[in-house]
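Asker: Sequence:
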Amino acid sequence: MSSFWKPSRKTDISFFFYLLCFSLVLIVCLAVYVLHNSNSETAEKQLKLERDSLVSRVYQPRSDTLLTKEVDISAGTMWDTTLQYFRSRSLLTGSDAVQLKWSHAVNSRNALAQALSSPSHMIEADVIMRDHDPMEPIMAHPPDTDSDITLKEWLEKVKMTSKGIKLDFKSLEAVSPSLALLEDLLAEPDRPLWINADVLSGPSGQTAPVDFRAFLSLVSDLPAQSVLSLGWTTGWTVGTNNPGYSWDMVHAMEEKSRDLKQPVTFPVRAALLAQSFSQLSWLLKQSDRYTLTVWTGQHDEFAPQDLKLYRKHFDVSRIYYDLPNSQTAELLMS
Numbered sequence: 430m431s432s433f434w435k436p437s438r439k440t441d442i443s444f445f446f447y448l449l450c451f452s453l454v455l456i457v458c459l460a461v462y463v464l465h466n467s468n469s470e471t472a473e474k475q476l477k478l479e480r481d482s483l484v485s486r487v488y489q490p491r492s493d494t495l496l497t498k499e500v501d502i503s504a505g506t507m508w509d510t511t512l513q514y515f516r517s518r519s520l521l522t523g524s525d526a527v528q529l530k531w532s533h534a535v536n537s538r539n540a541l542a543q544a545l546s547s548p549s550h551m552i553e554a555d556v557i558m559r560d561h562d563p564m565e566p567i568m569a570h571p572p573d574t575d576s577d578i579t580l581k582e583w584l585e586k587v588k589m590t591s592k593g594i595k596l597d598f599k600s601l602e603a604v605s606p607s608l609a610l611l612e613d614l615l616a617e618p619d620r621p622l623w624i625n626a627d628v629l630s631g632p633s634g635q636t637a638p639v640d641f642r643a644f645l646s647l648v649s650d651l652p653a654q655s656v657l658s659l660g661w662t663t664g665w666t667v668g669t670n671n672p673g674y675s676w677d678m679v680h681a682m683e684e685k686s687r688d689l690k691q692p693v694t695f696p697v698r699a700a701l702l703a704q705s706f707s708q709l710s711w712l713l714k715q716s717d718r719y720t721l722t723v724w725t726g727q728h729d730e731f732a733p734q735d736l737k738l739y740r741k742h743f744d745v746s747r748i749y750y751d752l753p754n755s756q757t758a759e760l761l762m763s
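Residue numbers (my numbering): 430 to 763.
Accuracy of the hints is not assured; some may be wrong.
[As the list claims (entries may be wrong)] Simulated crosslink set (DSSO-like; lysine-lysine; CA at most 27 Å straight-line):
no.	residue 1	residue 2
1	LYS581	LYS599
2	LYS588	LYS599
3	LYS737	LYS588
4	LYS741	LYS714
5	LYS530	LYS714
6	LYS599	LYS586
7	LYS685	LYS714
8	LYS530	LYS588
9	LYS581	LYS530
10	LYS530	LYS586
11	LYS599	LYS685
12	LYS690	LYS737
13	LYS530	LYS737
14	LYS714	LYS690
15	LYS737	LYS714
16	LYS690	LYS599
17	LYS588	LYS690
In case anyone wonders, no lab produced these hints; they're calculated from the structure.
Assemble the whole structure, with the sequences as input and the hints as a guide.
Answerer: Take a look at the structure:
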């Protein structure tokens, strides 16, 4: 073999020296890369903690004054804190709104006693003005015109519990005197308070909706964390091709809701969801302030699969279910 190809001891030393240098450079580069990523993750976590802290401070209950100013977080959204309220009291786990239990049409002393002793989180009742003296808000659903319990008595009993409240107004005349009775309750800004009215005509709706402009003028001063439940009048007939919520209906509702400072939930009839998926999906996507509340009539018929489609495509915290327990239990298992 020629001496040209025979490696010398000097060559060996040089080779190992360069190999060592290369290894050191490589180690330094890897260390810098790992350190950079670690710092980035730390910074990202710190940013998230700061933002969570900001949100927490924004929603921190205050006893000295009501939170009536609009809060601008992220993209100007105001989050619905209903689930947060019950989680903070260990009455709910997770963020699936289907876990929220409802007592519906609690319009009598007996119904209220049952609701207060039940595991329900939210109590829903209808408010009208008594049509004779003493003229005052009472708990009744038309065509009833009287009740054995007034709104004042109803609120006094509910305030002693941790239940959330949903008041459904069938006419404007009961709104203003009812809000006056709610003043003590509004001093608890973290308790869920939902104010409902059907403000637009919907699929097969026969009754006249509550005038939206007049209704808004009455509820506009509610605390920003109160939930406005804005619905459509609807009808449903067994054995017929019942139409769903049209594009005109959802566009009109979004136009009326987009500038409101409160979170908005849209009560939607379960039997009309299958034929309205595109329209209601569009509506829900227009703002993080928006949620749906699924309800059903006593004789309505619908397939659970119609509801599962919505659960599949949307965050489960954004769809409430004011349904019989057997139906919500089936959704929980899906």
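Asker: All the hints need checking, so say for each whether the structure fits it.
Answerer: Evaluated hints:
Straight-line distance between C-alpha atoms of LYS581 and LYS599 comes to about 18 Å, which keeps the hinted pair within the 27 Å bound. Our distance criterion of 27 Å between C-alpha atoms is met by LYS588 and LYS599, whose separation comes to about 23 Å. Restraint check for LYS737 and LYS588: the C-alpha separation of about 35 Å exceeds 27 Å, so the hint is violated. About 14 Å separates the Cα atoms of LYS741 and LYS714, which keeps this hinted pair within 27 Å; it holds.
At roughly 25 Å between alpha-carbon atoms, LYS530 and LYS714 fall within 27 Å of each other, so this suggested pair holds. Under the criterion of a C-alpha separation no larger than 27 Å, the hint pairing LYS599 with LYS586 is consistent with the structure, at around 22 Å. Taken as a hint, the LYS685 and LYS714 pair is honoured in the structure, with Cα atoms around 15 Å apart against an allowance of 27 Å. Of the pairs offered as hints, the one joining LYS530 and LYS588 holds, with about 18 Å between alpha carbons and a cut-off of 27 Å not exceeded.
The straight-line distance between the Cα atoms of LYS581 and LYS530 is roughly 24 Å, inside the 27 Å bound, and the hint therefore holds. With a C-alpha separation of about 19 Å, the suggested pair LYS530 and LYS586 falls inside the 27 Å cut-off, and the hint holds. A distance of roughly 19 Å separates the Cα atoms of LYS599 and LYS685; the hinted pair therefore holds under the 27 Å criterion. For the suggested pair LYS690 and LYS737, the alpha carbons sit about 30 Å apart, so the restraint of at most 27 Å is broken.
With a CA separation close to 18 Å, the supplied pair LYS530 and LYS737 stays within the 27 Å bound. The suggested pairing of LYS714 with LYS690 holds, with an alpha-carbon distance near 17 Å, which does not exceed 27 Å. The hinted pair formed by LYS737 and LYS714 meets the criterion: a straight-line CA distance of about 18 Å does not exceed 27 Å. As the CA atoms of LYS690 and LYS599 are separated by approximately 23 Å, the hinted pair is consistent with the 27 Å bound.
Using a Cα cut-off of 27 Å, the hinted pair LYS588 and LYS690 holds, with the two alpha carbons roughly 25 Å apart.
Consistency note: the structure conflicts with the earlier hints numbered 3, 12.
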